[in-house]
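Engineer: Residue numbers for the sequence shown follow the numbering used here, so the first one is 940 and each next one is one higher.
Derived by calculation from the structure, the hints in this document are not laboratory data. Glycine included, C-beta positions come from ideal geometry on N, C-alpha and C. Check before you lean on any hint, since a few could be wrong.
To be verified - Label-pair distances were calculated between CB atoms; the ranges are: (1) Gly1205 <-> Pro984: 37 to 47 Å; (2) Pro1093 <-> Gly1189: 29 to 39 Å; (3) Arg1116 <-> Ala1044: 34 to 44 Å; (4) Gly964 <-> Ala1037: 49 to 59 Å; (5) Asp1039 <-> Arg958: 52 to 62 Å; (6) Ser1175 <-> Ala1032: 32 to 42 Å; (7) Arg1072 <-> Arg958: 46 to 56 Å; (8) Leu1142 <-> Ser1175: 24 to 34 Å; (9) Ala1032 <-> Thr1081: 23 to 33 Å.
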Amino acid sequence: MGHLTSPPDPATVAGALHRPDGGAGRVDWTLPEEAPIGFVYNGDPFAVMMATPADLEDFALGFSLAEGIIPAPDALLLAKVRRRSDGWELCLAVDPDAADADRLAERRGLEGRSGCGLCGVATLAEASRALPRVGPPPEGVTPATIARAFAALPDHQPLNARTRSVHAAAFCDPTGRIMMAREDVGRHSALDKLIGALARAGLDPRGGFCIMTSRCSVELVQKAARVGVPLLATVSAPTTLALETARRVGLRLAALARPDGVVTFG
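All chains should be built: construct the whole structure from the sequences, respecting the hints.
Structural biologist: Dropping the structure here:
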């Protein structure tokens, strides 16, 4: 597979700083890169996502798993990362006997923007596909564990430290220790990359929990459930549809939505 694991160097631009007291000054601001990433399965275009062009190997595998295109990592037979003048292309060969042919036939008709995880689906049925049941979180995962993981997350966000404008998704063991993290301008792409990284490292998502710097929208619940994540904790509270979907499949949700503690949703 073509190799691109490190984020491109962010661009630094000059800006004017306007202070509340009326003062002004000049500030240099570092911006993350956002680029179109095309997914091509067995020669057929499937979707174009706007994302940070880094960790593309993880993105290729994680998106394929989280979207239900393949049931297991070994169904992705070959992946090539191609740099194009107008973006990036992930050329993926999947086992036709294992891949979900109906899912591949959907072929999203719209560009998936960095803030959109369900863009381009053609019908309501596609947006609410059946999900597997999820088991309970491992023993020892508590609100204090979740808070501990969030407190440690900034140390695993090097791109956000430079830009202050990208999301992170991290996988934690039952004690709250962060095992792995990925960043992206889009919350759903950060989770895709994390899922792919876990699969490539042979880490079972059922053995811990995930935290994210975003709100909890339904597509994050869907992606987490498809790979067996038992608990998803986000900075902001879930939407009503996200919570309804999570309850239906047994996925636990939590949010760092209050200054005085973690909120869990039964």
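Engineer: Against this structure, judge whether each hint is valid.
Structural biologist: Hints and how they fare:
no. : hint                            : in the structure
1   : Gly1205 <-> Pro984: 37 to 47 Å  : holds (42 Å)
2   : Pro1093 <-> Gly1189: 29 to 39 Å : holds (31 Å)
3   : Arg1116 <-> Ala1044: 34 to 44 Å : holds (41 Å)
4   : Gly964 <-> Ala1037: 49 to 59 Å  : holds (58 Å)
5   : Asp1039 <-> Arg958: 52 to 62 Å  : holds (54 Å)
6   : Ser1175 <-> Ala1032: 32 to 42 Å : holds (38 Å)
7   : Arg1072 <-> Arg958: 46 to 56 Å  : holds (53 Å)
8   : Leu1142 <-> Ser1175: 24 to 34 Å : holds (26 Å)
9   : Ala1032 <-> Thr1081: 23 to 33 Å : violated (43 Å)
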